[in-house]
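Enquirer: Sequence:
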Amino acid sequence: MVALLPEDARILKFHQSLCPGCVDEEKFDRMKIDSVTFARHNKVWIMKQCEEHGVYKELSWGDYEMYRKAERFQDPGIKILNPHIDKSQFEIDCPTDCGLCVEHESHTGLGNIVVTNRCDLTCWYCFFYAKEGEPIYEPTMDQIKFMLKRMRNEKPVGANSVQFTGGEPTLREDLPEIVKAAKDIGYNHVQLNTNGINLYRDPQLSVRLRENGVSNLYMSFDGMTPETNPKNYWEAQQAIDNCAKAGIGVVLVPTVIGGINDHELGDIIRYAVGNIGKVRSVNFQPVSLVGRMPDSLRRKQRITIPGAIKRIEAQTDGQIGREHWFPVPCAKQITDFIEAVKQEPKYRLSIHFQCGMATYIFKDGDRIVPLPAFFDVEGFFDYLGQLTRDIEDSKFRKLRTTWSLAKLMVSISKYVDEEQKPKNLKFVRMLAGAVGGSNYHGLAEFHINSLFLGMMHFQDPYNWDIDRIHKCDIHYATPDGRVLPFCTFNVIPELYRDRIQRKFSIPAVEWEKKTGKTLNADKHHRKFSKEEIQQIVGNFNQYRRSMTKISPESDWGEEALEPMPAASSNFVPLQMLGSPQKHKATMEHPAAGGCSSGCGG
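Take the sequence shown: its letters are residues 0 to 600, numbered as in numbering that gives the first Met the number 0.
To be clear, the hints were calculated from the coordinates, so they are not data collected in a lab.
Fair warning: there could be bad hints in the mix.
Listed below are the simulated DSBU-like cross-link pairs for lysine-lysine, each with C-alpha atoms no more than 35 Å apart in a straight line [stated by the list, open to error]: (1) K522 - K244; (2) K56 - K148; (3) K345 - K425; (4) K78 - K244; (5) K144 - K513; (6) K78 - K31; (7) K148 - K78; (8) K12 - K345; (9) K26 - K78; (10) K182 - K425; (11) K182 - K244; (12) K68 - K406; (13) K394 - K341.
Derived DEER-like restraints, expressed as beta-carbon distance ranges [to be verified]: (14) W402 - E226: 51 to 61 Å; (15) H446 - D7: 58 to 68 Å; (16) R67 - M140: 17 to 27 Å; (17) R388 - S412: 15 to 25 Å; (18) E226 - R29: 39 to 49 Å; (19) R71 - F27: 29 to 39 Å; (20) A520 - T139: 14 to 24 Å.
Even for Gly, the Cβ is constructed at its ideal location relative to N, Cα and C.
My request is simple: use the sequences and hints to build the entire structure.
Expert: Written out as structure tokens, the structure is:
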């Protein structure tokens with residue numbers, strides 16, 4: 000396989016991936032194949048070869064320099080002490096034995112429970128909802144409680160955050176009772192993954208959900224025009240306003256598709272800033288090319304986290320630069336410090352560094368000010384690391400802990416640039432509360448006074464990396480007792496998601512007879528007056544600046560013009576390679592600080 004690489008490739012690692020052809024043909028015993036990740040033209044690529052389906056080359060990460068920065072922040076995570084799959088590490092075959100197993104390296108950070116596969120919309124890029132005539136999946140209350148407890152009871156750290164998803168979860172009339180069940184079982188954070196349509200229709204639904212414990216909505220929001228956001232453009236603002244009145248914060252979730260809506264990312268941020276207080280966060284999700292996404296559009300529509308970040312930088316006139324983003328596991332230093340203080344395992348955001356990046360921004364008059372523009376994030380993390388080591392190495396741990404906490408409170412201001420900090424922002428107090436509070440509620444003031452920007456790129460069969468699966472902390476619980484990483488549950492649907500849901504579904508006709516409803520009654524139909532249309536369009540247009548679309552090939556760059564490498568006639572699996580020296584591609588050793596030595600094949 001290495002012989003397939005260009006001579007100027009820099010090999011980053013060997014790992015295992017999936018053959019998209021085998022996944023599509025449900026050849027699960029053959030779908031796992033060897034792959035190589037390499038850097039070229041300042042981008043990171045995956046190359047793999049299936050003996051039956053040939054060679055696949057896919058863009059993995061759109062900027063090699065950002066990759067190098069991100070990989071510095073890695074968290075070893077916490078293995079589950081009570082795994083749900085009763086097999087030893089020598090018996091496990093990942094990903095066909097998923098559930099969680101002894102190989103998994105992260106506890107459940109955000110648990111997902113699908114409460115229905117019904118939906119009131121039929122979005123062309125959605126990876127699942129119940130089509131006409133298909134069985135209906137709606138777990139019972141007892142099954143939902145079982146799944147909630149399954150994740151909550153993980154050891155040594157149980158799930159503390161759960162998302163009810165679908166389909167469209169608000170189609171379930173007992174949703175407030177489901178939310179209450181999660182709170183009763185001990186979840187601090189309960190969110191709904193929704194299109195917001197029913198919250199637009201029924202303001203009282205927001206009130207009932209908040210009274211029963213909903214923390215926030217994770218609401219689809221794909222663009223600033225009816226063309227880029229056909230899903231809920233007309234309903235979104237009213238849904239947000241209804242939630243704000245009920246005390247529910249909203250996270251906007253744009254699915255970013257190259258050549259479709261990637262020219263509006265800056266506009267979406269401006270809109271969120273204009274609604275700060277109502278909108279708590281924007282979490283961009285570069286599209287995963289699975290399900291209903293046709294493979295022929297892969298190169299045009301592929302966009303990675305760095306590609307989205309660069310568009311944001313350009314579309315905000317550099318106010319939010321690529322240097323302002325950090326990978327999710329950068330929170331390791333904070334978690335390490337809190338664990339040292341509390342002397343017990345704590346919640347860890349230990350996903351793979353390629354899975355997500357984030358930053359915080361603040362509004363300062365007409366300015367958008369990212370947190371790293373006035374706060375030395377890396378310097379502060381280094382200082383926290385030193386305080387943690389001081390506590391752990393001390394013979395007088397309790398005294399050292401008290402002393403370290405005092406030093407931390409005094410020292411935070413050293414990392415703040417008062418000249419760049421937004422006026423009237425009590426940042427030192429906020430950060431001290433977030434870190435010194437050492438719990439979920441300590442973060443509240445910090446989140447309320449800022450806007451969180453996140454990136455989460457879920458995998459598909461083309462860019463799938465087993466290392467990322469092992470680190471995943473966004474999990475799905477299922478009625479059969481398994482807890483599955485997002486990118487096995489959804490990427491191999493006929494092995495997991497669809498197979499499990501069929502097992503616990505009932506025929507659509509039976510569901511209609513049982514409930515006295517029809518599935519067609521779920522579907523949303525719009526009817527707005529001319530005045531309402533003008534008002535909605537005017538509201539969004541005040542935030543629009545980015546009118547020019549990006550070239551659909553821009554994330555692939557010049558590589559888009561190169562033909563796919565021909566399959567090697569002397570294909571040899573990677574594990575059988577010795578120490579070949581013929582190829583000019585270089586092998587990078589991250590642990591050695593970027594040194595490289597000759598490697599090839």
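Enquirer: So, for every hint listed, does it hold in this structure?
Expert: Comparing the hints with the structure gives:
{"no.": "1", "hint": "K522 - K244", "result": "holds, 26 Å"}
{"no.": "2", "hint": "K56 - K148", "result": "violated, 41 Å"}
{"no.": "3", "hint": "K345 - K425", "result": "holds, 27 Å"}
{"no.": "4", "hint": "K78 - K244", "result": "violated, 41 Å"}
{"no.": "5", "hint": "K144 - K513", "result": "holds, 22 Å"}
{"no.": "6", "hint": "K78 - K31", "result": "holds, 23 Å"}
{"no.": "7", "hint": "K148 - K78", "result": "holds, 18 Å"}
{"no.": "8", "hint": "K12 - K345", "result": "holds, 30 Å"}
{"no.": "9", "hint": "K26 - K78", "result": "holds, 30 Å"}
{"no.": "10", "hint": "K182 - K425", "result": "holds, 32 Å"}
{"no.": "11", "hint": "K182 - K244", "result": "holds, 21 Å"}
{"no.": "12", "hint": "K68 - K406", "result": "holds, 29 Å"}
{"no.": "13", "hint": "K394 - K341", "result": "holds, 16 Å"}
{"no.": "14", "hint": "W402 - E226: 51 to 61 Å", "result": "holds, 59 Å"}
{"no.": "15", "hint": "H446 - D7: 58 to 68 Å", "result": "violated, 45 Å"}
{"no.": "16", "hint": "R67 - M140: 17 to 27 Å", "result": "violated, 49 Å"}
{"no.": "17", "hint": "R388 - S412: 15 to 25 Å", "result": "holds, 22 Å"}
{"no.": "18", "hint": "E226 - R29: 39 to 49 Å", "result": "holds, 41 Å"}
{"no.": "19", "hint": "R71 - F27: 29 to 39 Å", "result": "holds, 36 Å"}
{"no.": "20", "hint": "A520 - T139: 14 to 24 Å", "result": "holds, 22 Å"}
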